[in-house]
Each structure stands twice: as structure tokens, then as C-alpha cells.
Amino acid sequence: MMKWMVNCFLLVLAISIGIALFLMKQRVVEYEKELNELNNRILMDRREIHTLKADWAVLTEPSRLRRLLAESGVQQIKVQQIVSPVEVALKPVPVPPVKPFDLNEIEEAP
Amino acid sequence: MRRSKNQTTPFYQPCREIPLPKREKDRYVDATTQRVLKVANRRICMACAFFIVLLCVILGRLFCLTVLDYKSSTPRSLRLGGEENLSRYNIVDRNGTVLATTLTSWDISVNPTKVKNPEEVAHQLAEKLEGVSEQELLEKLQSDSNFKYIKRGATPNELEAVNWLGYHFLTYEVVDKRAYPQGSLFSHILGGVNIDNVGISGIEKSFDNELQSHEVQLSLDASVQEMVRTALQNGIQKYKAEGGLGMVMDIHTGEILASVSLPDYDPEKPAGKDELERFNMPTLGVYEFGSVFKLFNTAMALENKVVKVTDIIDATHPLKIGKKTMEDFHGQKRPLSVAEVLIHSSNVGSAKIALEAGYEKQREFLKKFNLFEKLPIPLPERGMPLYNTKDKWADIETANVSFGYGIAVTPLHLIAGVAALTNGGFYNVPTFIKDGNKDKPMVQVLDSQISEQLRHMMWAVVNWDPWTKNPAKHYAVGGKTGTANMKDGHSYNTNKVRTTFVGIFPVTEPKYIVQITLLNPKGIKETSMYNNAGWNAKTVGLNLINELAPYLNVSPVMDYQPPEFVQKAIETSLIKNGRKK
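Order-wise, the sequence lines are chains A and B. Counting from 1, one number per residue, gives the positions in the first sequence under my numbering. Counting from 1001, one number per residue, gives the positions in the second sequence under my numbering.
Hints may be right or wrong, so weigh each one.
Quick list of in silico lysine-lysine cross-link-like pairs, DSSO-like style, CA-CA up to 27 Å [unchecked claim]:
no., chain 1, residue 1, chain 2, residue 2
1, B, Lys1205, B, Lys1320
2, B, Lys1269, A, Lys53
3, A, Lys53, B, Lys1473
4, A, Lys78, B, Lys1269
5, B, Lys1469, A, Lys53
6, B, Lys1205, A, Lys78
7, B, Lys1238, A, Lys78
Please keep in mind that the hints were generated in silico from the structure rather than gathered at the bench.
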């Protein structure tokens, strides 16, 4: 009787483990699929970034920037515009006027 | 049929029945069985041990694969793709700007035998594809061949447009195409690749293996390169020169920030360009640079204590060596101090100094600056200097070398040499790779005090005459010009010159060195029809420095005072030339 029960228990255990493993395997397959899709998307994004970097290099080509600057009227910095921090005079910061203190404006506490 | 125990047959011999032992003491095994059992036991133990070891190995391997090294054991399909999938990696400048990259493109081909109405197809394809003429397409479509390329390296937009036409006889093949977003700006340095994306020249060739696995970062700066190219192009146009070259180098690290050779070419369409366009002058061309070499001559004489900066050299009369007579272009016709010899670029003074030192010291000194050998730079296009390789130099050769004739080096040799003369005396092999000289020891080739004296004298060369315009005067630029006659066959053509300016800034604490060379510039009205370096290459160089300095974070130097010997030389020069303001 005891032997029969043990056998039954082991059989149930084996079937349960089998089902659990099957389900886990299914989930792993799904996760793998999802991971592959994500990797493919990342790969495509990276390729896009790679192409965009080339586009950016074309757009920021120094001769193009020079032409754009000339069109927008930006000129080259002059030596006279370059000064050391010591030479920069500190401008006085305007202080807002302080309202004189008036005792009549104070409300009495209820 | 069962036999009884007592039944005997010729073959069946009943043996004695051995009773099974009830207790341990009753167990009896005869000697033969004992031996057999012993062998069997040993074999079973060995088999068990083998399987245990095998199991341990498998478990150990599993542990390594799953726990210790799980990343590399991940199947390739599960690994992240991305930039490692590039067939050829990018080349970028020192700030990460892409100079060369690999983009996906398509080769569109056709089977002409299947095309029924070639005229209409050619017309429609010509509208969709850039750079392919209708006539050219028609010829391909009417050919008897089974395969013709319509366009190689088509862009995604072109592919989409052609695909929408819906022609079944067109085939598309995905290919990697090398693209150069900066156009012709870096054409000579980057070089190019063949149709199989294998480097055939420039950095593309030198770093062919490296580019298969990782990005290569150069020391060049796209903005500096563009500034140099624009300044040089303007100079070539203004002075009607045949071509020119420009370079900027970090004076302390030897890193090249810009290297321009004009005329240049589009690296994506290198076919059909002439030799001058494809020739990388800064690294491959070897030239006589003329008076710029007086810097080496002066430094050599000071280093060997042949003269002092205040010594007087008589340059009153032309110098006669054998049948040759040497004259000064800017003839002062008076005794000059060593500083004045450099300031007024006196051939006579330089030759006398060199002859005083002797050819052995001269040659030994030039050797320290690698002026007699190819530079170990990472480019296949490297020029070998030309000079007299005989053991002994004649006086005329020594005199010639003192002012830059009889020795031809590449512009890269020159800029690296002058950098070493002026940076405190440390020689760096020029490099095109960012931090390329980081771990290399610097070699001291000149005393730092002499280097400092030379810088001050170079400042005087540029600034002694207050009537000469100097757009970069606030950056304390020091420099030297050189005008050399160009060769026509075996003789010099006195009408054709190569003008060079080498400038450092600021002389107080030099950071960068600039070189400008113009090939055969002409005299114009603005230069009073003169075509020497002081009128053209120097002007181009100073304008360039004025533009470069703010970009390179070089602050203006407002309070520079040259040392006494330089002040005295300038004072004398101003009085003698009637140039005092």
C-alpha cells in the first residue's frame, strides 16, 4: 500500500514538473522572441543613429556653417573684444527701493 | 523436459551444490573466484571514477558557461547587434566629427534582354537616378548582355523611387558604401577605398585592419582644417598660385590639427583627377624651402657656440665661393648682428656662419631633427628627403644648406623641425592620431635658452617693420619666410618661386605652429609686383593665425617686450632702413 502511494506521488510529481517545465519553456521562447524583436529594434535605431551622425556631419560641415554665419551677419571675433576677467569692470547691481516702514499699516491682531 | 538431479548425460555433469552462506563467518569464496571478483571490482571502480570525473567536467563546464562566462555564451541571435555589425568603422576627427563612414547603399542592375521598351524605361530611370544620363542608360538597356549595372551605390531614396516603377527586370543588391561627409576637405589625408571597401591610400590604407574592428580618431580638427583650406584657397586665388599647402600643428605634442594640399579632389569620385590634385604635398612632396632653413642654421651656430646672438657678421659684400657668388635678396650691405642676419634673411651672413661652424656640425645638427630620413608617420604617402649623401660636403654645399638649398624635405619635416626649435628644444615625431605621442618620450635636441632666443628673433622677423601690416600682431606671432626658386628640369627657374611662411604663436609661450606654402605665386599690384614670401605666404599665414587664435583659445598678448638684443637689432634696422615711425 505504502509502495503504491509513493509511486503515485512520484508520478504526480513527475507530471507536475513536466507541465511546469513545459510552461516555463514556453515563456522562455516568448521572452526570446520579445528579446529578439527588441534587439532588432535597437539595431535599427543604432543604424539610424549611425546614418544621422553622417547627416549631422554634413549639416555641420564647417564651410556650410561659415556660409550660414555670413548670411546671418555674424562676424569673426575681434581682438578688442577679448579681455581678461580682471579687466571686466563689475557693474553695480540695481537694488530695488525699500518701502519706508509705516506703523499705521500694521493691522492689529484680532 | 526437466532432468532429475541424479540424471547424468555425456554433457551434463551435476556439480556439488554450494549452500549460500547464512552468516559472514560462513562465507567462503575460493581463490579463483576471489581473483575474478577482485578484477571485476577494480574495473567497476575505474568505470565509476571515469564517470564521476566526466560528470565533474560537465558540471564544471556548465558552471563556467552559465555562471562565469554567461555573456559570451549567449547565442548570437540573442546578442545585441549594432555598430559591431559595420563592415568598416568610422574615421573621426579630434572632436568626434565624422570624416569617413560606411552607409548602406544599393547596386541596381538590369537584365537588358528582358526590357521591351528601352527608350521609355531609360527616360523614367534617368528621372529617378541622380548622376546617370538617359543616353547612358539607353545604351545599357539596348545591349545584348544579360547583366548591366544601372547605378552602383544608389541612395535609399533612389531605391524607393526606382522600386515604385515596378520593373521586374531590375535587381537590387545591398552593399556598404564608404562616404565622406566633409567632401574634399580631408581627401589627401583620408585617402580612399576600392570597390571592395579595402583601403588603397591615406589613413584608409594605413588603418585598414583597425577599421574592421573599431573607430579611428585622428588628431585633425575639421574646423581648423576648413579655416586653413579657406585661407589657402583665398591666397592661391589672390596671388594666382598653381597650388599650395597649409598645416597647423600642436607645438608641444606634435599632433597635426590641419593638413591641406590644394588643389584637392572629391574622395568619393577620385577617378580622372590629375597628378597634382591627388598628390599629398605636406607628407609626400619634398621641396627646398629656402630661407626658412636659416632658423636651423642660427640654432646650430648658437648650440655649438660658434656665435652669440650679439656677434657681428660682415654682410657688406657678396660672398664668393669658388665660381659662385652669393648675394642677399634684401641687401643691407653692412655688418649685421646674428639676430639681424635672421631678421633680414641674409644669405651672406648665414653662409658665413655655416662655414664657420663647418659641414660636420651642420649635418650632425640637422640629423637630430630627422631631416635626412623618412618620418615614421601613419600614412603610406611619405616623402624621403633629398640631400648630398657623400661623406664630405664642399663649402658651397654647406653654404647652400644654410639658406635652404641643396636639401629638400617634406613640409612635415620642416614644421616638425621648427616646432622642436621653438618649443623649448623637444622633438616630437608629427602624428595624425589623437594622443598619438602621449606615451612616447620627448627627445631634447636643443638647449631651451637657445630655443627661447630663437622665438624672440622670430618675433622680430615678423614685427620689426612698423610699416608692414600684421593682422595678428596681438597674438605675438613669430615666424620666418622662405622664397625658393623652383626647378625646371636640371636648372632653377628664377621666375618661378615657392614661398613659405612658418609661424608660431604666441612667442611668449608657443602653443601652435602654422605653415603656409604657395607654389609659383605671381606678383600683383598690392604686392608691388613682388612675388616673394614676405608679400604673399606671410600675409596668408598671419591672416590665418588671426582667425585661428580665438578658436584655439589663444589669448592676445598685449604686454610683450622682446629682450634687449632683439630690441637693439630692431632699433639698428629701423635707423639703417629709414623706417622709424
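Here is what the structure says about each hint:
For the hint linking Lys1205 (chain B) to Lys1320 (chain B), the alpha-carbon distance of about 50 Å lies beyond 27 Å, and the restraint is violated. The suggested pairing of Lys1269 (chain B) with Lys53 (chain A) holds, with an alpha-carbon distance near 22 Å, which does not exceed 27 Å. Between Lys53 (chain A) and Lys1473 (chain B) the CA atoms are separated by roughly 39 Å; this puts the pair beyond 27 Å, and the hint is violated. With a C-alpha separation of about 39 Å, the suggested pair Lys78 (chain A) and Lys1269 (chain B) falls outside the 27 Å cut-off, and the hint is violated.
Under the criterion of a C-alpha separation no larger than 27 Å, the hint pairing Lys1469 (chain B) with Lys53 (chain A) is inconsistent with the structure, at around 43 Å. The hinted pair formed by Lys1205 (chain B) and Lys78 (chain A) fails the criterion: a straight-line CA distance of about 42 Å is larger than 27 Å. A hinted pair counts as satisfied when its Cα atoms are at most 27 Å apart, and Lys1238 (chain B) with Lys78 (chain A) qualifies at roughly 23 Å.
Hint check: violations occur at hints 1, 3, 4, 5, 6; the rest are consistent with the structure.
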